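Colleague: So you can see what is in the structure, the chains are spelled out below.
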Amino acid sequence: MDSNLKKMLEQKARDIRVDIINMLCAAGSGHPGGSLSIADIFSYLYFSGILNIDPADPGKENRDRVVLSKGHACPVLYATLAMKGYFDRSELKTLRKYGSILQGHPDMNKTPGVDISTGSLGQGLSCAVGMALGAKLDKNDIKVFAIVGDGECDEGQIWEAVMSASHYRLDNLIAIVDLNGLQIDGFTKDIMDTSPMAEKWSSFGWKTFEIDGHNYDMIEEAVKKGISVKGKPVCIIARTTKGKGVAFMENICDWHGTAPDKEQKEKAISDINKACL
Amino acid sequence: MINSDIKNLLNSSNGKKIATRAAYGSALAELGEVNEDIVVLDCDLSKSTKTSLFAEKFPERFFNFGVAESNMMSAAAGFATMGKIPFVSTFSVFASKRACDQVSISVAYPGLNVKICATHSGITVGEDGATHQAIEDVAIMRSIPGIKVFSPADATETKKVIEKIIDLKGPCYVRLCRGSVPVIFNDDYEFEIGKGIKIMEGDSATIVAAGFTTHIAIEAAKKLEDEGIEVDLINMASIKPIDENIVVESAKKTGLVVTVEDHNVIGGLGSAVCELLCAKNPARVIRLGVQDKFGTSGDPSVLVSAYGFDSDSIASAVKENLRYK
Ligand SMILES: Cc1ncc(C[n+]2csc(CCOP(=O)(O)OP(=O)(O)O)c2C)c(N)n1
Ligand SMILES: [Mg+2]
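Residue numbers (my numbering), protein chains in the order written: chain A, 4 to 280; chain B, 63 to 387.
Calculated directly from the structure, the hints in this document are not laboratory data. One thing to keep in mind: the hints can contain errors.
Unchecked claim - Below 20 angstroms or equal to it, Euclidean Cα-Cα: the simulated DMTMM-like pairs (lysine to aspartate or glutamate) are:
| # | chain 1 | residue 1 | chain 2 | residue 2 |
| --- | --- | --- | --- | --- |
| 1 | A | LYS192 | B | GLU122 |
| 2 | B | LYS146 | B | GLU95 |
| 3 | B | LYS210 | B | GLU263 |
| 4 | B | LYS146 | B | GLU198 |
| 5 | A | LYS96 | B | ASP361 |
| 6 | B | LYS119 | A | ASP193 |
| 7 | A | LYS203 | A | ASP193 |
| 8 | A | LYS9 | A | GLU163 |
| 9 | A | LYS113 | B | ASP361 |
| 10 | A | LYS10 | A | ASP257 |
| 11 | B | LYS78 | B | GLU95 |
| 12 | B | LYS381 | B | ASP249 |
| 13 | B | LYS78 | B | GLU263 |
| 14 | B | LYS285 | B | ASP374 |
| 15 | A | LYS139 | A | GLU64 |
| 16 | A | LYS192 | B | GLU118 |
| 17 | A | LYS203 | A | GLU163 |
| 18 | B | LYS226 | B | GLU98 |
| 19 | B | LYS231 | B | ASP249 |
| 20 | B | LYS285 | B | GLU263 |
| 21 | A | LYS87 | A | GLU64 |
| 22 | B | LYS381 | B | GLU306 |
| 23 | B | LYS109 | A | ASP257 |
| 24 | A | LYS113 | B | ASP354 |
| 25 | B | LYS342 | B | GLU306 |
| 26 | B | LYS109 | A | ASP193 |
| 27 | B | LYS159 | A | GLU163 |
| 28 | A | LYS100 | B | ASP361 |
| 29 | A | LYS10 | A | ASP220 |
| 30 | B | LYS257 | B | GLU287 |
Please read these numbers as outputs of a predicted model, since none were measured by experiment.
Here chain A stands alone, though its shape is the one from the complex (with noise of 0.2 angstroms):
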């Protein structure tokens, strides 16, 4: 990857960090963790210019669209649309609050920029499935990115999208499985044993790539040959480290579903400048 551009996703990332942690700060409840892993995909994914969309027109009808699966980790999503200019970066601050549109999962009624609302876990893929073979009937030439939880992936209604994303042999559809290794109750190899992962989903027939989800070479390679699979759906197996970037939070099956106070956000926020610096 041109360094420039790591340099520029790599600040993105930082300040969708930093984000995050202020807004859930802020907002007393929610998900850090699973919020954290996934932000350098997302900075990749909103600012490398790879995704055809517009915040000024959010509901523009050629667009890829993003589900994100894994609905608790909306504050990363929120954070990145806000910094694309989806809304005022003030809205951030009102998450989780009566009357926001910033809603406890994504809500794509209220929030610019959320393709469709998710939080009952396993529903998004399949609503990928669903984009994805409505864009192939309009032959509208788009992509769909799916970001799926590896707890996720306990539920059986993953491996029912699984199976008829291949089946319709849907080349457009990208599947980005977050593998943190944790869950609710623990990591997930003690909790439902998910692994091998990536065997799973090439068995289903699906093209997989195993990457490290923090580095940015890789994730820019996986997702640019992921574009150009034909005839099959991609799934890109992102190894990544829950609460990424606080060095306390980082794989804490704790800090999956608590909110910082004001000391361990400012801990938190010095650890994000000092962890990328």
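Dock chain B with the ligands against the given chain A, drawing on the hints supplied.
Modeller: Chain B with the ligands only, in chain A's frame:
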């Protein structure tokens, strides 16, 4: 039976407040000692549903199914056929909607002995928003043949319900809540399936509440009492089977019924009360609760007011409708 300090309970800051889900977890951990047939199933939410309290003591009888509610529900049916007493827990939205067909076909149709104890019911879940706020669970469970539906109002009643359903042969649904509520009942209170209990008495109107809304209704009844309006306040933990007698007798006396539920007014407690009164003793019934719309993110108490079932809304509903009697 009822906390004698009930009327002061609600504003006293030192009064104990316990979430019914916490009382559920403790009750399970206690009962696990005496009944070795109890197995507990959860879907990656044991710290929230509080089945973790059982899991810590009896790890060999605790089964985490990961995020896979439909699989868990049918597996519970399988456990029941092997003579176990499965307690199945997850959030109410997932128990009632994600695993709906499994509840119906694997559990209820064969009448298997599965105890579905779901937490985080209603809009009082708060900040997580609509996707996590069960407002249809009572309607769904109530309409599945053979499933009994219980909605305990406080920690004591929760414990009593859990103790009672161990001996019940067959499926049931227990609706538990996230937020803490005052302790309304003393330890000598006995919960009975198919029975409601009068918490306050009066002739002006009948208020029927259950679960999270009972303590709000007590607050409302107190406000009314301060204005000289005395009401029957019925706590109806047993939503199915419902206590027909207590409702009919009270409605006959007062001629005005107000139901209060943290649930859609279609299909829940209010509907159950209407159904029985229509047949037995037609009366004016005002159903307070979620008026057929989705929930939203926000502080639980803000939501309760915004959705119109805070104590002021209840008191107003009573007063405004007195003139129709
Ligand atoms: C159907 C459903 N069941 C349960 C939940 C509650 N829940 C929210 S997040 C989560 C764990 C998800 O783990 P994972 O997909 O790995 O998310 P991440 O680690 O990326 O945060 C659970 C069980 C839910 N949102 N939806
Ligand atoms: Mg995970």
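Colleague: Now, for every hint given, state plainly whether the structure supports it.
Modeller: Now for the hints, and whether the structure bears them out:
This hinted pair checks out: LYS192/A and GLU122/B have alpha carbons roughly 18 angstroms apart, not beyond 20 angstroms. Restraint check for LYS146/B and GLU95/B: the C-alpha separation of about 15 angstroms stays at or below 20 angstroms, so the hint holds. Restraint check for LYS210/B and GLU263/B: not satisfied, since their Cα atoms lie roughly 27 angstroms apart, outside the 20 angstroms limit. Proposed proximity of LYS146/B and GLU198/B is contradicted: the alpha carbons are some 29 angstroms apart, above 20 angstroms.
In summary, the hint linking LYS96/A to ASP361/B is supported, as the alpha carbons are separated by about 15 angstroms, within the 20 angstroms threshold. A hinted pair counts as satisfied when its Cα atoms are at most 20 angstroms apart, and LYS119/B with ASP193/A qualifies at roughly 18 angstroms. Annotation: proposed proximity of LYS203/A to ASP193/A holds, straight-line Cα distance about 18 angstroms (limit 20 angstroms). At roughly 36 angstroms between alpha-carbon atoms, LYS9/A and GLU163/A are farther apart than 20 angstroms, so this suggested pair is violated.
Annotation: proposed proximity of LYS113/A to ASP361/B holds, straight-line Cα distance about 18 angstroms (limit 20 angstroms). With a C-alpha separation of about 31 angstroms, the suggested pair LYS10/A and ASP257/A falls outside the 20 angstroms cut-off, and the hint is violated. A threshold of 20 angstroms between alpha carbons decides the hint, and for LYS78/B with GLU95/B the separation of about 26 angstroms lies outside it, so the pair is violated. A distance of roughly 34 angstroms separates the Cα atoms of LYS381/B and ASP249/B; the hinted pair therefore is violated under the 20 angstroms criterion.
Annotation: proposed proximity of LYS78/B to GLU263/B is violated, straight-line Cα distance about 24 angstroms (limit 20 angstroms). For the hint pairing LYS285/B with ASP374/B, the CA-to-CA distance comes to about 8 angstroms; that is within 20 angstroms, so the pair holds. The straight-line distance between the Cα atoms of LYS139/A and GLU64/A is roughly 14 angstroms, inside the 20 angstroms bound, and the hint therefore holds. About 19 angstroms separates the Cα atoms of LYS192/A and GLU118/B, which keeps this hinted pair within 20 angstroms; it holds.
Restraint check: the Cα-Cα separation between LYS203/A and GLU163/A comes to about 12 angstroms, which is no more than 20 angstroms; the hinted pair holds. Restraint check for LYS226/B and GLU98/B: the C-alpha separation of about 16 angstroms stays at or below 20 angstroms, so the hint holds. In summary, the hint linking LYS231/B to ASP249/B is not supported, as the alpha carbons are separated by about 25 angstroms, beyond the 20 angstroms threshold. Taking the CA atoms of LYS285/B and GLU263/B, the gap is about 14 angstroms. The hint holds against a cut of 20 angstroms.
A C-alpha spacing of about 19 angstroms is found between LYS87/A and GLU64/A, which places the hinted pair at or below 20 angstroms, so the restraint holds. A hinted pair counts as satisfied when its Cα atoms are at most 20 angstroms apart, and LYS381/B with GLU306/B does not qualify at roughly 25 angstroms. Straight-line distance between C-alpha atoms of LYS109/B and ASP257/A comes to about 10 angstroms, which keeps the hinted pair within the 20 angstroms bound. Using a Cα cut-off of 20 angstroms, the hinted pair LYS113/A and ASP354/B holds, with the two alpha carbons roughly 19 angstroms apart.
About 9 angstroms separates the Cα atoms of LYS342/B and GLU306/B, which keeps this hinted pair within 20 angstroms; it holds. Between LYS109/B and ASP193/A, the direct Cα distance comes to roughly 15 angstroms. Compliance with the 20 angstroms bound is thereby established for this hinted pair. With a C-alpha separation of about 18 angstroms, the suggested pair LYS159/B and GLU163/A falls inside the 20 angstroms cut-off, and the hint holds. Restraint check for LYS100/A and ASP361/B: the C-alpha separation of about 7 angstroms stays at or below 20 angstroms, so the hint holds.
Our distance criterion of 20 angstroms between C-alpha atoms is met by LYS10/A and ASP220/A, whose separation comes to about 12 angstroms. Between the alpha carbons of LYS257/B and GLU287/B the distance comes to roughly 25 angstroms, so the proposed pair goes past 20 angstroms and is violated.
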